[in-house]
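Q: Chains as they are written, first to last, in this note's numbering: chain A, 1 to 380; chain B, 1 to 380.
The reader is advised that the hints may include incorrect statements.
Any copy, or any two copies together, can satisfy a pair, since identical chains are not distinguished.
What the hints assert, rightly or not - SDA-like, lysine to any residue: derived pairs with alpha carbons at most 25 Å apart:
#, residue 1, residue 2
1, K136, D195
2, K342, S49
3, K295, T267
4, K188, P58
5, K271, S375
6, K313, G91
7, K88, S346
8, K313, A83
9, K342, I258
10, K87, S308
11, K87, I338
12, K271, I106
13, K269, I307
14, K335, E95
15, K342, D219
16, K255, L198
17, K295, F374
Since the hints were made in silico from the structure, they are not lab data.
Below, each chain spelled out in residue letters.
There are 2 protein chains.
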Amino acid sequence: MRFFINRDRFVHDVQHVAKAVSSRTTMPILTGIKIVAKHDGITLTGSDSDITIETFIPNEEEGTEIVRIEEQGSIVLQAKFFAEIIKKLPGDEVEVQVQDPLTATIRSASSVFNLNGLDPEEYPRLPQIQEDQVFKLPQNMFKNIIRQTVFAVSTQETRPVLTGVNLELEEGVLLCTATDSHRLAQRKATIEMNDQSLQLSNIVIPGRSLNELNKIIDDSNEYIEFVVTESQILFKIKHMLFFSRLLEGKYPVTKGMIPNQSKTSITLKTKPFLHTLERALLLSREGKNNVVTLKTIEDNEIEITSISPEIGKVVERVQSTEITGEEMRISFNGKNIIDALKVIDSEDILITFTGAMSPFVIRPVDEDHYLHLFSPVRTY
Amino acid sequence: MRFFINRDRFVHDVQHVAKAVSSRTTMPILTGIKIVAKHDGITLTGSDSDITIETFIPNEEEGTEIVRIEEQGSIVLQAKFFAEIIKKLPGDEVEVQVQDPLTATIRSASSVFNLNGLDPEEYPRLPQIQEDQVFKLPQNMFKNIIRQTVFAVSTQETRPVLTGVNLELEEGVLLCTATDSHRLAQRKATIEMNDQSLQLSNIVIPGRSLNELNKIIDDSNEYIEFVVTESQILFKIKHMLFFSRLLEGKYPVTKGMIPNQSKTSITLKTKPFLHTLERALLLSREGKNNVVTLKTIEDNEIEITSISPEIGKVVERVQSTEITGEEMRISFNGKNIIDALKVIDSEDILITFTGAMSPFVIRPVDEDHYLHLFSPVRTY
Chain A
1 MRFFINRDRF VHDVQHVAKA VSSRTTMPIL TGIKIVAKHD GITLTGSDSD
51 ITIETFIPNE EEGTEIVRIE EQGSIVLQAK FFAEIIKKLP GDEVEVQVQD
101 PLTATIRSAS SVFNLNGLDP EEYPRLPQIQ EDQVFKLPQN MFKNIIRQTV
151 FAVSTQETRP VLTGVNLELE EGVLLCTATD SHRLAQRKAT IEMNDQSLQL
201 SNIVIPGRSL NELNKIIDDS NEYIEFVVTE SQILFKIKHM LFFSRLLEGK
251 YPVTKGMIPN QSKTSITLKT KPFLHTLERA LLLSREGKNN VVTLKTIEDN
301 EIEITSISPE IGKVVERVQS TEITGEEMRI SFNGKNIIDA LKVIDSEDIL
351 ITFTGAMSPF VIRPVDEDHY LHLFSPVRTY
Chain B
1 MRFFINRDRF VHDVQHVAKA VSSRTTMPIL TGIKIVAKHD GITLTGSDSD
51 ITIETFIPNE EEGTEIVRIE EQGSIVLQAK FFAEIIKKLP GDEVEVQVQD
101 PLTATIRSAS SVFNLNGLDP EEYPRLPQIQ EDQVFKLPQN MFKNIIRQTV
151 FAVSTQETRP VLTGVNLELE EGVLLCTATD SHRLAQRKAT IEMNDQSLQL
201 SNIVIPGRSL NELNKIIDDS NEYIEFVVTE SQILFKIKHM LFFSRLLEGK
251 YPVTKGMIPN QSKTSITLKT KPFLHTLERA LLLSREGKNN VVTLKTIEDN
301 EIEITSISPE IGKVVERVQS TEITGEEMRI SFNGKNIIDA LKVIDSEDIL
351 ITFTGAMSPF VIRPVDEDHY LHLFSPVRTY
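Extracted from the complex, chain A is given alone in its bound form:
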C-alpha cells in the first residue's frame, strides 16, 4: 500500500472515525483504525462494536485531487497515536506506505514516522444491512432532535432500554422519546420516506451513539438517510456510514402518560425562569436531591424556594404572563427542569399542572412539536 493524501482532509476524517474507537475494548484490533487504499480512494473504519464509523475519501472531489494512490492495500494503525501524529505533521501532504505487512511509514515534509500496525484481515467486517426500512431527515433537524431528547435518557444500567432514545414512525411522523422515569422529553418531526406506508416502533438508539453522531453531523440542511434493521441502525451521510447497535427490550408505552387536562396553567418567560432555578439550585444541589418548590402567589406571581439547612435558603419571585386555574404548590427536581429549559428555543413556555402529586408538562407556547414531562417530588 502506498498513497499520498491532503493532510487536512485526512485529519478531518481520521478524527471522525476515531470517535468510535474506545481504548477500553476487549478486542485489541478495535484499538486501531483500519485504512484501505483502493483504486478510487481511501476507506477509514473505526469501531467499538457498538458504534462503527466508516468514511470514504475519494481520489478527487470537485475537480481537486485529494488522494493519489500508488499501490492498493490495507493496514490497521493504533487510533490513539495515528490520529495525534497526522494532526501534528508539518507538511500539507502526507504519504502513507506499507512495505513490511505490519509496519507503516508516514512521511510529511521532513518528518518520518514508522508505526507498528495490526493485521487488517483480523478487523471485523461491517454489519450487512438490508435497505428496506429507509427514511431521511435534514442534518440540522436531526441535530435539534438529538439535543432536545438525549439529555433525558437514563444513565443507570438497571433498565438498559431507558439509556436510549426511542423512535416511533407512523403516518410520516417521527416521534422521539427519552425518559429516565422521572422526566420525559418528546419531540415530533415530519419526515421524508421512499415508502409512505413505512411504520416503525421500538427503535431504541443508545444515547451514547446519538451523542457521538451529534459531534460529527453539522448544521447543514443536507440529508441523513436512516436505514433500520432488527438490531442495527445505519446513518448515511455523504461519504460516511455510521452504524449503531439498537437496544434490546420493550420501550415503555408513553402515550397515556401525558395529561391532557390541567388544574393550573402558568405562562412564563423561559430565560428568566431558567436563571431563577439556577440560583435556587445553588443551594438545593447541596442537599443532593435538587428539590425546588414552586408556589403561585398573588398578582400573577410565582415564588420559587429552595432550602438547604446547612447553608441557607433562597426565595425568589417570578412574574408570570398569565396564571389560570387553581392555586398550586409543588416541589420538583430543579436540575431536571433546568436541563429541559436549556433545550427549549422558544421565548415563552406554558407549564400545566394536574395536581401537586401528579406529573406536569412544560411546552413552548408557540410550537407543538415538543414537550417535557416531569414527576413532582414528595417533600414530606
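Got chain A sorted already, so can you dock chain B onto it with the hints?
A: Positioned in the frame of chain A, the structure of chain B alone reads:
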C-alpha cells in the same frame, strides 16, 4: 452590618480572594470569606494560611459610587456558595445585611438569599509585616518572570525548597531561579528600590503562590510592591494585599552550575524546533521517560529521533541556522525542552553543549536576561 454594592465589582473582588480559599483545610473558618464593612468601604479576606488575599473596595472610585454603607459590621460566609451566588444574582446592585449575628441576607432584584455564616472574631489576623525590605516591579514584567520560571519548579515534596522559585537581589538586579534538579530556568530583571543597598537572598516563594498571583495580576505596567520578611512575602497591588509564606530551607547555589564554555553550539528557529520535539514526544512519552535524541548531521542539519519499541519510531531533520564546534549526539527529556521553548519569546535560540554527558544551555539569541539549563539523559 448592612451595605449596598455594585454587583460586578463585588463579583470581581470576591473571585480574587476566593483563589486563596481551599476546601481542604483543617480550620473550618478558612472555608469562608471574611467581609468587613467600615465607614470607608468593604474589606474581603480569603486564606488557606499559606496564601492570604485581602482586597478593599472603597465607597467610591473616580467619582462613581461603588459601595453605600448603611451599618458597619462583619461576617464570614462560605466561599464556595457565596462566590457562586453573587455571580448569578439578577440585579446590578447587591444588598448584604447581617441581623442575627451569624446569618446574612443577600438581596438583589427579586432574589433573596439567607446564608448561614461563621463568627468573624474566629478568623485569623493578617500577618504583621515590617516594611523595611521593599522593592517594586511592573505587573507585566513580573507576570513574564513567573511564566518563564515557575513551570520548572519541582512537584515532588522530597525536597520542599525546590517547589518554589528562589529570588536573589544584588546591586539592583533580581535573579529568579526555578529547578527540579533535572532542569533549571533562570531569569534576570532590573528593579526599582527605595533603598539602593538592599540585598536579598534565599527568598523562596512557593510555586503555587506564584501561580495564584499570576491569575490575579494583569498585563499592565502598574507596579507591584514586594515586601519581604523572614517568613512571609507581601505583594501590594493597588487595593489588594497578597501574602505568601516563604519556603524554609537552603536553596541550592546555582551560580557555578551554568557552563561558560562550549564544545558545540547550534542556532535554531524556536517554533519549528518546538514542533519537531512535540512530534517526537508523541512516541517517547509512551515509554514514560520522554527520551529524545539529537544528533548533528551534515549540511548544518540536526536529526531528532525518538523510539518507542511498542509503537514505532520517528526521525526528523531540522535545518539549523549555524552549527559550530564538534559533532554531537545527546539524549534528553524532550518534555522539559518543550516546556522551556514554550516560554521563550525570541524567534531564534542558541543551544550550547559541553559534552554528551554534561548539562547544556538554551538561551534566546537576541536577549541575555534568561536561560534554561538541562541535564542529558543516559540511554545505555
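Q: Work down the list of hints and note, for each, if the structure agrees.
A: Verification of the supplied hints:
In this assembly of identical chains, the alpha carbons of K136 and D195 lie at most 25 Å apart only when taken from the same copy (11 Å versus 79 Å across copies). For the identical chains of this complex, K342 and S49 are neighbours neither inside a copy (32 Å) nor across copies (40 Å), given an alpha-carbon limit of 25 Å. For a Cα distance limit of 25 Å, the shortest separation of K295 from T267 inside one copy, 14 Å, qualifies, whereas the shortest one across copies, 73 Å, does not. For the homomeric pair K188 and P58, neither the shortest alpha-carbon distance inside one copy (36 Å) nor that between copies (56 Å) is at most 25 Å.
When the C-alpha separation of K271 and S375 is checked against a cutoff of 25 Å, the pair qualifies only within one copy, where the shortest distance is 22 Å, while the shortest distance between copies is 58 Å. Taking the shortest alpha-carbon separations for K313 and G91, only the inter-copy value of 18 Å comes in at or below 25 Å, while the best intra-copy value is 59 Å. Taking CA atoms no more than 25 Å apart as the test, K88 paired with S346 passes between copies only; the shortest distance there is 22 Å, against 42 Å inside one copy. Taking the shortest Cα distances, K313 and A83 sit within 25 Å of each other only across copies (15 Å), while inside one copy they are farther apart (50 Å).
Within a single copy, K342 and I258 get their C-alpha atoms as close as 21 Å, which meets the 25 Å cut-off; across copies the closest is 58 Å, which misses it. Within a single copy, K87 and S308 get their C-alpha atoms only as close as 49 Å, which misses the 25 Å cut-off; across copies the closest is 19 Å, which meets it. Proximity of K87 to I338 under the C-alpha cut-off of 25 Å is restricted to the inter-copy arrangement: shortest distance 18 Å between copies versus 38 Å within a copy. Taking the shortest alpha-carbon separations for K271 and I106, only the inter-copy value of 22 Å comes in at or below 25 Å, while the best intra-copy value is 51 Å.
In this homomeric assembly, K269 and I307 come within 25 Å of each other (Cα to Cα) only inside a single copy, at 24 Å, whereas the closest approach across copies is 61 Å. With identical chains, the CA atoms of K335 and E95 are never at most 25 Å apart, being 51 Å at best within one copy and 27 Å at best between copies. Taking the closest pair of Cα atoms, K342 and D219 come within 25 Å of each other only inside a single copy of the chain (18 Å); across copies the shortest separation is 36 Å, beyond that limit. For the identical chains of this complex, K255 and L198 are intra-copy neighbours only, at 20 Å inside a copy versus 82 Å across copies, given an alpha-carbon limit of 25 Å.
In this homomeric assembly, K295 and F374 come within 25 Å of each other (Cα to Cα) only inside a single copy, at 16 Å, whereas the closest approach across copies is 67 Å.
Taken one by one, the earlier hints fail for this structure at numbers 2, 4, 14, listed in ascending order.
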